[in-house]
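Participant: Each chain, written out:
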Amino acid sequence: MDQLGFLFAANLCVWGGIFFYVLTLKKRQAALERDLQLLKEESGKDGD
Amino acid sequence: MAEENSSKEISSSQGGLFWLTAGTMLAALIAIYVWVPTEKNEGIIQRVMYFHIPCAWLAFFAFFIVFVSSILFLWKKEREWDIYAHCSAEIGVIFCSLVLITGPIWARPVWGVWWVWDARLTSTLVLWLIYVAYLMLRGQTEAGSIRARYSAVVGIVGFLDIPLIHFSVLWWRTFHPKPKVISSEGLGKGMDPSMLITLGISLAAFTLLYCLLMGRRVALERTKDEIDRLKREKLYSS
Amino acid sequence: MQGYFNQIFAIVWKDFLTERKTRELFSSMFVFAVLVIIIFIFSVDLSITRANEVGPGVMWVAIFFSGAIGLNRSFMLEKENGCMQGLLLTPADRTAIYFGKLISNLGFLTLMEAFILPVFMVFFNIDILPHLFPLLLVIFLGTLGFCAIGTLLASLAANLKTRDIMLPILLYPLMVPIAIASVRMTGEILAGEPLSEMLNWMGLVVCFDFIFIGAAVMTIDHILEE
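Protein chains in written order, with our numbering: chain A, 1 to 48; chain B, 1 to 238; chain C, 1 to 226.
Derived from the structure by calculation, the hints contain no laboratory data. Every residue gets a Cβ at the ideal spot worked out from N, C-alpha and C, and that includes glycine. Keep in mind that the hints are not guaranteed to be accurate.
What the hints assert, rightly or not - Per label pair, the in silico range of CB-to-CB distance: (1) A:D2 with B:G200: 27 to 33 Å; (2) C:A10 with A:E41: 55 to 61 Å; (3) B:K76 with C:F16: 36 to 42 Å.
Required output: the full structure, derived from the provided sequences and hints.
Facilitator: Listed below in structure tokens is the structure:
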């Protein structure tokens with residue numbers, strides 16, 4: 001049953017890796033959206 | 001207005017893709033852990049294969065997309081293709097790393113060693129190094145035409161190198177211990193139909209996952225472009 | 001066609017003249033290669049391992065390491081003095097620039113190898129004279145492949161801020177096939193096997209040379225474009 005540990009580790013790596021990547025993507029996207037929003041607001045002010 | 005519409009469209013199609021991917025992934029998980037019988041020789045650890053191979057397939061597929069987009073970029077010089085190449089390379093490196101991590105974990109209980117300098121392992125490692133270098137090149141040049149052109153050249157050259165790397169490491173180590181399930185004679189030889197089906201579902205799930213991640217990653221890059229454009233506009237107007 | 005060869009020759013001649021004046025490139029490459037060999041001899045105990053097995057690997061590592069220095073240096077000089085700008089302004093074909101740099105890099109590296117080979121022979125106590133012709137052929141083909149991909153990547157890396165580190169990082173994974181093939185063939189030749197025994201390796205190296213010279217010709221326009 002030693003193999004179970006290895007199987008678990010492999011699973012953890014794959015799903016953890018994918019999950020972590022998706023999380024980073026989400027975070028980066030959110031940060032960018034915030035920047036975008038700020039920029040748009042500012043340019044709106046300038047336009048007026 | 002038009003922009004908002006298109007972004008909504010993207011997100012709705014992304015939503016459909018998301019649920020499709022989630023469903024297939026769930027089916028794959030059930031098939032892997034509940035349905036498929038345990039392999040006799042290797043035991044339960046053999047179930048690693050059902051995501052080890054899809055990850056490898058995905059990495060290779062992603063690198064192929066990098067190659068195609070790089071060629072199209074040099075041909076048409078459209079930013080679109082540069083984005084595809086960049087995003088695909090990143091996803092490819094992620095999955096290549098997963099292959100390189102799960103490989104030793106699978107090998108340790110089965111072959112008794114973490115790593116053998118076997119042809120397939122070695123070429124995956126070299127492939128990983130090539131595309132890490134590709135991403136580093138992208139990271140160290142400023143956004144613009146130069147970065148796109150240079151990385152396109154590396155993307156093309158890197159993919160052209162793959163068959164050569166394959167043959168060289170194959171002849172370099174001809175005495176590698178043959179993995180039991182993936183024999184060099186062909187995939188699926190000596191595999192139970194149920195195992196093949198499970199592998200198929202898993203492959204489909206991972207391919208869908210690639211599309212999903214790719215969509216997200218491309219959207220991110222587009223947002224970045226949009227921000228750059230706005231910033232530039234602001235700079236020029238002030 | 002005549003004009004094209006003249007362009008290539010002009011670039012090679014220019015590099016040769018610069019080198020004859022400064023003697024920077026050759027001396028640094030040669031000394032570095034000798035140092036690599038010596039460090040390897042210290043780190044691998046030759047009394048335990050047989051020199052015949054380790055030797056070819058050490059020799060090729062020395063060639064590749066000092067070759068990377070040479071490649072970096074050759075484009076750095078162009079960059080520093082604004083020479084690249086001048087080259088690009090001339091009506092010379094871009095592929096002619098590539099071939100010119102390829103030939104001059106190949107020339108310097110071959111010259112360096114001509115000096116490093118005796119050093120190698122003495123330090124490792126390997127008698128290379130009976131196998132000289134096949135050995136020279138193998139070394140030439142390997143060096144050609146290395147320079148073909150190296151010149152392309154060096155012309156690319158020359159425009160980066162971190163060119164010193166990016167060139168090896170890009171170059172070494174890509175030349176894995178040539179490294180394996182060259183070391184293998186050199187080892188077999190030193191063991192006294194005829195060239196006909198290693199046709200597959202030979203084919204691989206020739207394919208590598210052709211593929212990457214071809215790829216460079218197709219893509220160099222996009223790199224040398226300002």
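Participant: Determine for every hint whether it applies to the structure shown.
Facilitator: Now for the hints, and whether the structure bears them out:
1. A:D2 with B:G200: 27 to 33 Å: holds, 30 Å
2. C:A10 with A:E41: 55 to 61 Å: For A10 of chain C and E41 of chain A the Cβ distance comes to about 58 Å; the hint holds.
3. B:K76 with C:F16: 36 to 42 Å: Given about 40 Å between the Cβ atoms, the range holds.
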